[in-house]
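**Student:** Build the full structure now, drawing on both the sequences and the hints.
Chains D and S, in that order, are what the protein sequence lines are.
For the first sequence, this note's numbering gives the first residue as 1, with consecutive numbering after it.
For the second sequence, this note's numbering gives the first residue as 1, with consecutive numbering after it.
Don't take each hint at face value.
Unchecked claim - Restricting the straight-line Cα-Cα distance to at most 20 Å, the calculated cross-link-like pairs of lysine to aspartate or glutamate (DMTMM-like) are:
#, chain 1, residue 1, chain 2, residue 2
1, S, K44, S, E14
2, S, K44, S, E68
3, S, K44, S, E83
4, D, K49, D, D85
5, D, K49, S, D24
6, S, K41, D, E88
7, S, K78, S, E14
8, S, K78, S, E52
9, D, K49, S, E42
10, S, K78, S, D24
11, S, K44, D, E88
12, S, K15, S, E83
13, S, K44, S, D56
14, D, K58, S, E107
15, D, K49, D, E71
Unchecked claim - Example chain D residues on the side facing chain S (calculated, C-beta under 10 Å, incomplete):
#, residue
16, F90
17, K101
18, I103
19, V112
To be clear, the hints were calculated from the coordinates, so they are not data collected in a lab.
Computed from a prediction, not measured in an experiment: that's the story for all the values here.
Using N, Cα and C, we set each Cβ at its ideal position, and we do this for glycine too.
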Amino acid sequence: AQSVTQLGSHVSVSEGALVLLRCNYSSSVPPYLFWYVQYPNQGLQLLLKYTSAATLVKGINGFEAEFKKSETSFHLTKPSAHMSDAAEYFCAVTLSGGYNKLIFGAGTRLAVHP
Amino acid sequence: EAGVTQFPSHSVIEKGQTVTLRCDPISGHDNLYWYRRVMGKEIKFLLHFVKESKQDESGMPNNRFLAERTGGTYSTLKVQPAELEDSGVYFCASSQIGKGGLFMDNEQFFGPGTRLTVL
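**Tutor:** Right, dumping it as structure tokens:
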């Protein structure tokens with residue numbers, strides 16, 4: 001069975017600091033991996049996805065994530081946080097070649113302070 | 001292009017009542033998904049339509065939940081009768097069918113969700 005673990009339900013960083021949101025997955029077959037972001041009062045928006053091409057994936061708003069099979073990780077990073085990055089972030093996995101049902105982690109709420 | 005819309009945005013009902021949630025997917029998207037997030041927990045899959053057919057309903061919690069997608073357009077999710085543990089945010093998402101009929105990595109576009117509170 002597939003599962004996703006996001007370490008840290010709340011992360012707080014200073015504006016301009018590195019953002020690191022952790023995601024580990026378990027999957028018996030090669031996974032597709034996703035990061036979604038939810039801003040207040042909005043739906044989930046796709047930040048980036050890994051679908052077995054390049055292991056370093058660049059997304060929108062300066063975010064990127066690296067797929068590390070040996071560590072079963074897909075951590076999300078951004079070199080310099082902006083106030084506008086404050087939101088909740090979700091890591092998700094699905095089976096490659098499957099019916100695209102997403103399995104989500106519990107989410108990490110990112111706070112950015114001046 | 002309009003995104004996925006959901007109605008209502010909020011619903012507060014008494015235990016035992018019935019509530020119907022509606023989702024309008026992006027035009028042309030044959031895949032439609034329902035997910036739910038109970039307070040403080042992860043977002044969980046409920047079911048998946050391909051056009052009007054239920055492809056996967058393995059996440060439906062019990063028979064108090066009934067989902068329909070008449071004509072393969074909008075979908076409704078009815079909870080009857082509602083219980084306290086049904087409270088949460090219900091998300092709808094849609095995506096296109098991929099090339100060759102494969103679903104693969106087609107992005108799912110999410111609606112803003114319906115916040116359901118059962119008192």
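**Student:** Verify the proposed pairing of S/K15 with S/E83, using a straight-line Cα cut of 20 Å.
**Tutor:** 5 Å, holds
**Student:** Against the 20 Å threshold, does the CA-CA distance of S/K44 and S/E68 hold or violate the hint?
**Tutor:** Distance ~19 Å between S/K44 and S/E68 Cα, so the pair holds.
**Student:** Is D/K49 close enough to D/E71, meaning Cα to Cα at most 20 Å?
**Tutor:** 18 Å, holds
**Student:** Taken at face value, is the distance from the CA of S/E52 to the CA of S/K78 at most 20 Å?
**Tutor:** Since the Cα atoms of S/K78 and S/E52 sit roughly 16 Å apart, the hinted pair holds (cutoff 20 Å).
**Student:** Is D/K49 close enough to S/D24, meaning Cα to Cα at most 20 Å?
**Tutor:** Distance ~25 Å between D/K49 and S/D24 Cα, so the pair is violated.
**Student:** For the pair supplied as a hint, S/K78 and S/E14, confirm whether the alpha-carbon distance does not exceed 20 Å.
**Tutor:** Status holds; Cα separation ~15 Å.
**Student:** Does the structure keep S/K78 and S/D24 at a Cα separation of 20 Å or less?
**Tutor:** The hint holds at about 15 Å.
**Student:** Hint D/K101 vs chain S: min CB-CB distance below 10 Å?
**Tutor:** Interface hint status for D/K101: holds (5 Å vs cutoff 10 Å).
**Student:** Is it true that the CA of D/K58 sits at most 20 Å from the CA of S/E107?
**Tutor:** 15 Å, holds
**Student:** Given the hinted pair D/K49 and S/E42, is their alpha-carbon gap at most 20 Å?
**Tutor:** 19 Å, holds
**Student:** Hey, S/K44 versus D/E88, does the alpha-carbon distance stay inside 20 Å?
**Tutor:** Given that 20 Å is the threshold and the Cα spacing comes to 16 Å, the pair holds.
**Student:** Between S/K41 and D/E88, does the CA-CA distance stay at or below 20 Å?
**Tutor:** Answer holds: S/K41 to D/E88 is near 13 Å, not above 20 Å.
Violated hints, listed in ascending order, are 1, 5, 19; each of the other numbered hints is respected by the structure.
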